[in-house]
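Keeping their order, the protein sequence lines are chains H and F.
Using my numbering, the letters of the first sequence map in sequence onto residues 1 to 151.
Using my numbering, the letters of the second sequence map in sequence onto residues 1001 to 1522.
There may be inaccurate statements among the hints.
[Said to hold, decoys possible] Not close to chain F: a few residues of chain H, all C-beta gaps over 12 Å, as computed:
1) Gln71
2) Asp88
3) Gly92
[What the hints assert, rightly or not] Chain H stretches covered by chain F per the calculated footprint, using a threshold of three residues with CB under 8 Å from any CB of chain F:
4) 7-21
5) 31-39
[Claimed, not checked] Chain F is nowhere near these chain H residues, computed Cβ spacing over 12 Å in every case:
6) Arg66
7) Asp91
8) Ala110
9) Gly129
Don't read these hints as lab results, they were simulated from the structure.
For each residue, glycine too, the CB sits at the ideal point set by N, CA and C.
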Amino acid sequence: MGSVRREVRIARSADDVWAVLGDPRTIAEWFPGIVEATVDGDTRVITTASGLPMPEKIVTNDPIQRRFQYQVVAPIITHHLGTIDVFDLGDGTSLVSYATDCVPDALALAIGGATGSALHELARLLESGHVFGGASASLDDPADATEGGEA
Amino acid sequence: MGRKILFVTTDQQRYDTLGCNGGTLASTPVIDRLATEGIRYERAVPQSVVCMPSRSTIITGQHPSTHGVWMNGVPLPVDAPSIAAELLRSGYRTALVGKAHFEPFLDAFGRFTENSLARSGEETLLGPWADGTVGPHRGFEHLELAAHGAAGMLHYTQWLAAEHPEAVGMYYSALDPSFNVNAAGGGDTDAPQVHVNPIPRDWYHTDWVADRTVAWLDSLDADDDWFCWMSFPDPHHPWDPPQSEMGRIDWRDVPLPAGYPSDRAERERILDAKPRHWRRWYDGELVSNYEAPRDWVPATLTDDQVREVNARNAVECELIDEALGRVLDAVEARGWTDDVDVVFTTDHGELQGDFGLLFKGPYHVDALMRLPLVWRPAPAARVAPAVVTRPVGLVDLAPTFAGIAGLAPRDWMQGRALPVDDGDADARGAGRVLTEWDSELFGVGVHLRTITRDGWVCTTYGPGHSHDGTEGELYDLAEDPLQQVNRWDDPALAAVQADLVADLRDHLPPAHVPRLDVEAPV
């Protein structure tokens, strides 16, 4: 199995970050290359910039652990699990980890390789005070947050 | 009106595939003539032996550590320095036709400009430049892109699918169903990445690149200055040239390469004297480079497979030579020849049977590191023909292009303009060239740093999957031109080794901060 992990430190509280990541509709706002996402129950369908629809099954959305997991459902993929974890660093900042486990192995890098830039975009948006359309959270003034950077 | 620049690259072509470099298999009269009229470099060295880092060095004039593309799959930042942007800013018209590969091919989300451009219908897209301004993508007003076959989202594949859909399935499938590089064999010998391709020659990507280059040149005004990077995807594997052309060379008549010991015991003795990842790959125990087919074991390579791979590679080199000839004819027809500099090179080499191996990887020997490089200066510049024996690097190309255009080298360029002869090289203190390898593929890390200087090639290893950081390679290029005798542990050469290693470490280029992510397998 191919396994890829990317992470970023974000100068926002874990609750603020989870407010975005725990809402599966927001992904098109922070994941470059995903232009649309629709959610129906535990099914999310994303559409890539190349026009490819990709159905996903949401398997975990746990606000207590702040963990979100999903599986890409496609004939070419034997197994996929995407895992996003948000960790409270205790200083007003958070660490976000985004893991991709996949068979075939090579697709772990093709899919998971994009998650690093997605996390950087997520950090940029959160730290600039962007209000996510799909998210229910209204974020505080980012100037109050401790400065963070890439983990 | 100044000098115009036709920059011609191939992909993964060995030094010894050209007639002017002593090659006897392929007929390359066009490039040979350029070499006779211009400057032929006998020791041109890449700064990386895989595509994306090496191509990024060409466009930025920086070493991989500095531009940040430390392995395939790491995209070159869109705002990285670009010689094309410098030329465009100074009034040149700019184009890149063929293989770019500054951004990954395997682009699951369609994030990269190279992959989205054909679909957009635009000649280029605007992007940020290194100086904070906005301009055409990486400085190219016109991008028309191709790769090694009919897969993907590039211009050639879209053209083929639209105009000749029956040909799409004729190419070798570069990837297998599990998205690894295909190990499937074909041809007469079942060699990996060999395939009988019934595609008509006119539809093959080599001729398409030449056709589209001519079309772009024809769109220019007579007094335009221009920089055209014509980038052929061949002779990179798969080895699937149009079958109609295979009658040129009968693989059964191809002599085995000097670097391929046909005696298995001899091959393995040579490999065992090198750092252990050489033998581990040969035995199928370790694959450290995604582009080496995971399911192919080099120890299974046969003499006939080496012959057939070399025959097909030579046919691809001949097609490139003929395509270049057509483009030069078009240049002549416009009356531009006297004002056009032609630079021909490649991004890195190919093992092609040396040591019983194919493809490429963390192996810093001539098969991958000695490149064809010919510079035919504009005849109007009256530069005397020469052969340069001193080492030069692809990192020297960007300042060379700047010099041709009358621009001072930019402070971000780490190379220096190519010498026009050995005297020029010595006068300017040229003579040290560095090459880097870093890869981290699913837990397998390999790290090499190499210096080429004074007739030696010296490689140090960093700690990694198969190395503890004490290993090395040291070759005397004059006495051991095939690099079959590793003298790293030779006590008689301890002082030579220490001097080369110290020089290497003193000149390591600064690292890109932050370290860039690998975003795709390739």
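Against the structure, the hints come out as follows:
no.: 1; hint: Gln71; in the structure: holds, 15 Å
no.: 2; hint: Asp88; in the structure: holds, 23 Å
no.: 3; hint: Gly92; in the structure: holds, 22 Å
no.: 4; hint: 7-21; in the structure: violated (count 0)
no.: 5; hint: 31-39; in the structure: holds (count 4)
no.: 6; hint: Arg66; in the structure: holds, 23 Å
no.: 7; hint: Asp91; in the structure: holds, 21 Å
no.: 8; hint: Ala110; in the structure: violated, 5 Å
no.: 9; hint: Gly129; in the structure: holds, 22 Å
Of the numbered hints stated above, those contradicted by the structure are hints 4 and 8, listed in ascending order.
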